[in-house]
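S.K.: Which chain is which? The protein sequence lines are A and B, in order.
Using UniProt numbering, you'd call the opening residue of the first sequence number 1 and step up by one each time.
Using UniProt numbering, you'd call the opening residue of the second sequence number 1 and step up by one each time.
The set of hints was computed from the structure by calculation and includes no laboratory data.
Careful: at least some of the hints might be erroneous.
Pulled from the structure, derived: some chain A residues nowhere near chain B, Cβ distances all over 10 Å [claimed, not checked]:
hint : residue
1    : 59
2    : 583
3    : 614
4    : 619
5    : 805
6    : 832
7    : 878
Straight-line alpha carbon distances no greater than 25 Å define the calculated PhoX-like cross-link-like pairs of lysine-lysine that follow [said to hold, decoys possible]:
hint : chain 1 : residue 1 : chain 2 : residue 2
8    : A       : 579       : B       : 480
9    : B       : 438       : A       : 761
10   : A       : 821       : B       : 480
11   : A       : 296       : B       : 438
12   : A       : 183       : A       : 197
13   : B       : 84        : A       : 663
14   : B       : 480       : A       : 296
Reference listing, derived: stretches of chain B covered by chain A, where coverage requires no fewer than 3 residues with Cβ under 8 Å from a Cβ of chain A [said to hold, decoys possible]:
hint : segment
15   : 405 to 414
16   : 455 to 464
Note that this is a predicted model, so its numbers are computed, not measured.
Backbone N, C-alpha and C define an ideal beta-carbon position, used for all residues, glycine too.
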Amino acid sequence: MKHKHTSKADFVRKNKKKAQTDVKSNPFEVRINRQKHNVLGKKLRRFDKGMPGVSRSKAIKKRKATLLQEYQQRDKRNQFVDRRLGENDPEMTLEDKMLQRFAMERKTHHEKAGAFSLNEDEELTHFGQSLSQIEKFEEPESDSEDDATGKLSGEYVKEAHFGGFLTKKASKDSGEEKSDKPKSRQEMIEEIIAQSKQRKHERQNQKEQTDDLREKLDQQWTDQLHMLVKKTNKKESQPKEDKVKPEADDYDIMVRELGFEIKAKASDRLKTEDELAREEQERLQKLEADRQLRMKGLTQEDIRQQQQNRHVSADDLDDGFDFIRPERLQLAYKDGKLLLPEGKELMPSTSDADQKPIRRKHHSEAASGSEADQSEDEDKEGHSDEENSDQSEGEGSDQSEEEEKDDDGSDLESERSSDNDSEEEQEEEEEDIDNEGSEEEVEEDREEKDKREQKTQAMEKTSISKKERKAIAEAAKTELSLYFSPESLKDLMELLEGQSYDRQLLIMNRIRKCHHPSLAEGNRKKLQNLFSILLEYFGKLANQSPVAMEMIDGLTIHLYELAQQSPGPSADTVQTVLKNKYHKFDSVCQRKGRAVYPAVDTLLLFKLVSVIFPTSDFRHSVVTPAMLFMAQILTKCPVTSGRDVACGLFVCTVFLQYVSLSKRFVPEVINYLQGLLYLAVKKESRKAVAAEVVPPFKHTGAQGNLLVLQEPDDSGSMSIEPLPLDYLSKNPVQDTDTDDFRISATHATLQLTNMFANMYKNLPAFHEIFSPISDLLSKHLLLAAYPQEVQDGRSQFLQLVTDHHSQATYPPLQYEKLKPKPLKLYEPKFDEDYNPERKMKGSRKQKEKERLLKMHKREMKGAVREIRKDAQFLARQQLQEQMDKDAERKRKVKEIMHHLSSQEGECKQIAKKKIKIM
Amino acid sequence: MSADDANPRAIAEDIKRKTKEVLQSREHANNITDILETAQSDEDVVTAASLSALQKIFSTLLGRKEVYRGKLKGSDEELADPKKQYSRWLGQCYIDALEILLHRLAHHDNSDIKELALLALLKLVSAEGKHPTSKSGGDQSNFPLRLFQLIIDKLMSSEADQSTVIGRFQDYFQYDDIRLFTFVSLHKNLRTVTKEFTRQPPDTYLHNVHTLLTQVQMPGEGGDLSNLYVSPTDPEAECRPKQLKEQRRAFTNAWLSFLKNKLPSSLYRQVLLTLDQAVIPLMSSPKLLIDFLTQSYNVGGAISLLALNGLFTLIYKHNLDYPDFFRKLYALFEPSVFHVKYTARFFHLADVFLTSTHIPAYLAAAFIKRLSRLSLSAPVSSLQMVLVFISNLLRRHPNCQVLVHRSSGEGLGSDPYDESEPDPAKCKAMDSSLWEVKSFQHHFHPDVSQAALLLGKPLAPLEEDLSQHLELCTSEMFEKDLTTKSDQVPLEFHVPKGLFGPKDQFHNIWDTEPPTKKHKTVTS
């Protein structure tokens, strides 16, 4: 500690001294530019002040210390380092140095010698007292902390400072008077310390107690707060609270009531049906536009870039003005009301988020339903079906609202059950009204003339379905508590066991509603989990031998809606399922070079993908892999049975649907269809027909006649039915080895071929793509014995191809014409309020860059200058050395010459003397 | 013998003991006959023990020069000398022992015994080499060629698969003399065998030969060839094994006589696969392979595809003039080329063949057009490769760029390209355009359509690397598509009514009505 102190002091002193020496180095070097007039607020320029001489000498000194040293050491390998203690410290006196060295010596000696010393505990002391003794008290200075004030207690002062004097503990020490001996000072102090410790301990205890109490109170409070928040909107909750806290006075109650009362939020006015319909339409338009963009493979960024790179005309003022900007509204009033163009609102809608998707969904359904109605013929059966499904969906959403209410008061379920009936009735009435409203919305879109009629119809249906729904809902309520979500497929199966499909769907609906993400934290996760479970269940259902289409349809809707709630995770789930199936398939493929057609669940999964995800995207993380998978199925699975044909046709159909919007080219499908048609050609006398087939089909083979009619004579009058999905399963109920199946399959193949041909009409290689099929059909597959419909399909296709061929022009290919880059012809830019004082405008980034550039330049300049000065210094040094050397030499020469001349002189003198002598 | 029913291990011990005795003194020489007898036992342990015993005995006795190795002419005047008699008797035993060993090498079920026999024989070869009879070494090397020939004959069995034994034999190929004489004897053996089987030697035999031939590691240029198994009398003298030329000639002869046979197709492919890398560079005159390669090239299918490689090496490095090469290559471009195993190899080779920029433009154009036509039936995984291939060809032959860009010209009635014309010069590919590639701009896979789009623009000057697309398979593409994740996954916005909507394409083809509903209508 002490040492540290001194070193710091040293440091400060040294610094001070250094500063002084710097300034004082040479008074002649100091040059001060004196200012004649001091102007307030005027900044001094750089050269108006300062001491150039001083800084120069400083620089030279520094160079002497560093550069010169290096220069002098330049050819030396070794260096003498003086490690003696304090040798480099000019501040130290000789005595200090000696002292330190001695201490150091002792220390090293001690360390060396002490390495083996045992049991030699040095007793540490503090003010002559052993530290080990002092440490027994936790805080030796505790008396100073006795009070918060830090003062000694009065009693202590009295006792200790004023010694007791006459009143020497007359009453106090009565218990100890037996000893009759005045206490020693030591004892007294100990006693005092003990007392203070006791007091301290008590205080601590008390504090702990209060802390405990407070915590308890907090806990109670949070518990009750929880209840409070839930119940404030219910009037019933208040008396309960009173029971809990009877002593609370009216004012408190009032304050809390006011504090926790949910305030009514300002809401928008209800929109009219027209507005809703228009909004819906706009939404759909926007989505469709988005889809179109994705189909072209453009991302948001591309679009932004395109907008940035748009053409700038010479007349463009570059003020951001754009003609295409319908958003600008003219503010106008009429009859005191704000005039707005149609479809515009004053404010963006801010209705709560939970309600919105439901309403939207509901509505979009209605819209699409109505579209379907218009487009389709008056197909009665289908129509009413649709109505039904519409209806059920409507119920679903109504149900959801009810559920939400339920959930709000979930812990009041028991209470509610008592007066359930009355409330239920009320709700029903409300719902009735609601329903009518929604139905009206739906009706509004439809054509005007059958509006009335439909409305009455709808009314009837709602009333019917209402009864059913009520029955189902009550049954469900009595049996199930669906407030948990299944963790795995097993859980779900337990839940659904023995239930009819309708009930199962209802249960799923309830589970989903109970775990709506808005209701609790973590519900989103649960729903994502539910999605994967339902997907698993979907696969399981699909693999059942008679495919339960009804249930699958219901499940599909659920899966779709769940996916809408959390797109990313659901896409991941589908991806993993797809991946697993693919790996299974691919491993077989790589081992054998071929594979068998996957099970029904995989095939239906492809279809499901097209329901949940948009298939027209240029690149989609689920759809593209699915398409690759399907393409591989079509190229790798040899056709050996009727089931294979059915599977292949199914995959082709799925492909057709995938690319129906984007009209993308799938060569695999065309090759596959060609192969199927080849299977229907009668191969005479072992000679392979001179038509090319592409693997997985072979020219010759055991299954080469798979689709050739066995009894061509009586097949002409057979009726053609669409293929049942049952053919896809591994052991179908219906036999595929019949002419019926063959005709249907051939018919389906021809239909698909026609559809694809129509779709690819605009491909430049249309003829090349379809020429193998048209060759096959025109030369080998005459289909004379087939029913009329099949023959029609064939002639239709041939007609299409010949038409196309006659019209076809094969324009030579050319590179895409690149747009010539326009020269940017800007008007000169005038800054209206140009201020030379101010820095250039620009973004923060730009400014930062500029600043850094400037700094870099300055540093660069500085470094160059330093280097130049270093060089100058060295040159000077060398010159100096040279001059010194020369001078030395001169001196020596002079000396020698002097010596020689004196010698010569002497010599001459002696010679003279000799002569004289002689 | 009573030992027959005894424990085989005990017999083996007994054999060991007898061996020691034989080696200790001549008194126990009769033990050799016992060992010869036990060597024919069925027990593997006994056989193994006696085989190694025989080897030990005779290599030592050969060392002592006690074994007579001349011709056994029957009883002569020398019989009088008991010493000579003994040595003659030993010579007889030696021949018997060799017979047994060779028999074991050729016909035994257990490959360990075979290996043991082989090792024993090779030890004896070395022993014989150390102590040559005056006749045996015609040249300077003392290599016992006769014995070795016998070994190779047995090794190249026409009945059993000898691959494991040959694998063992491989270790000896580091010795230059063994390598050389293997080829020599193999060549001899092949000649005799082909004579023997007039039509075609059995497949197992050919497989054995092939295994042996492929196991050999030939020394490189300038390698030191003095690692000899049997050291010659004069170690400094030039002898056959030390000459690379000799080695190569023997190698070439062996291969050529092997390839003269009609090979089974799997072996054929294997040979063709390795020919280019492992054989041609090591042959003394690779041109001798021309007949074989041209024949293979004319076979068609995968074989000719594989023969390409060797043929090209000959053309490229050994100045072979092959007039119809490109025409035949053109004929190899057929739809099945995308569906065979060797697709990547084929396209790699085709790329190499067409590397030269001195190929006439019409030829390049014919290949380009043919490829683009074929690509219509290619699987997805090959399409990227094909498109890169085409674009590279277009870069090499700027004259061919009319196929993708013709600045003037009117629409034609049909594609002038004649698909069925076998001559690339007459197929009119130069008048055509790559409409197929243009169609691929609408391909369903984004990578393919992007690659096709690149061909719709002026080409960048640098060629693309074909090799990274050659081995691309669908599973890789699948993985890549799965991993390229965008932060947002777009969703379908049309709300479904079920798995199959009423409007979608399944409507007419598939019966997608729920079955229960139908039942309902039936019942009601």
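S.K.: Evaluate each hint against the coordinates.
M.R.: Here is what the structure says about each hint:
Every Cβ of chain B is farther than 10 Å from the Cβ of residue 59 of chain A; the closest lies at roughly 55 Å, confirming the non-interface assignment. Distance check for residue 583 of chain A against chain B: the nearest CB is about 8 Å away, which does not clear 10 Å, and the non-interface claim fails. Here residue 614 of chain A does not stay apart from chain B, with its beta-carbon only about 5 Å from theirs, under the 10 Å limit. Residue-level check failed: residue 619 of chain A sits 4 Å from the nearest beta carbon of chain B, not beyond 10 Å.
Remark: the non-interface label on residue 805 of chain A conflicts with the geometry, its nearest Cβ contact in chain B lying 7 Å away (cut-off 10 Å). Residue placement check: residue 832 of chain A keeps its beta carbon more than 10 Å from all beta carbons of chain B (closest about 43 Å). Every Cβ of chain B is farther than 10 Å from the Cβ of residue 878 of chain A; the closest lies at roughly 55 Å, confirming the non-interface assignment. With a C-alpha separation of about 12 Å, the suggested pairing of residue 579 of chain A with residue 480 of chain B holds against the 25 Å cut-off.
With a C-alpha separation of about 14 Å, the suggested pairing of residue 438 of chain B with residue 761 of chain A holds against the 25 Å cut-off. A threshold of 25 Å between alpha carbons decides the hint, and for residue 821 of chain A with residue 480 of chain B the separation of about 36 Å lies outside it, so the pair is violated. Proposed proximity of residue 296 of chain A and residue 438 of chain B is supported: the alpha carbons are some 16 Å apart, at most 25 Å. Only pairs whose Cα atoms come within 25 Å are accepted, and residue 183 of chain A paired with residue 197 of chain A is accepted, the gap being roughly 20 Å.
A distance of roughly 99 Å separates the Cα atoms of residue 84 of chain B and residue 663 of chain A; the hinted pair therefore is violated under the 25 Å criterion. Restraint check for residue 480 of chain B and residue 296 of chain A: satisfied, since their Cα atoms lie roughly 20 Å apart, inside the 25 Å limit. For the segment 405 to 414 of chain B, the assignment as covered by chain A holds, since 9 residues bring a beta-carbon within under 8 Å of that chain's beta-carbons and 3 suffice. Note: the segment 455 to 464 of chain B has 3 residues with beta-carbon separation from chain A under 8 Å; the three-residue rule is met and the coverage holds.
Consistency with the previously given hints fails for numbers 2, 3, 4, 5, 10, 13, ordered from lowest to highest.
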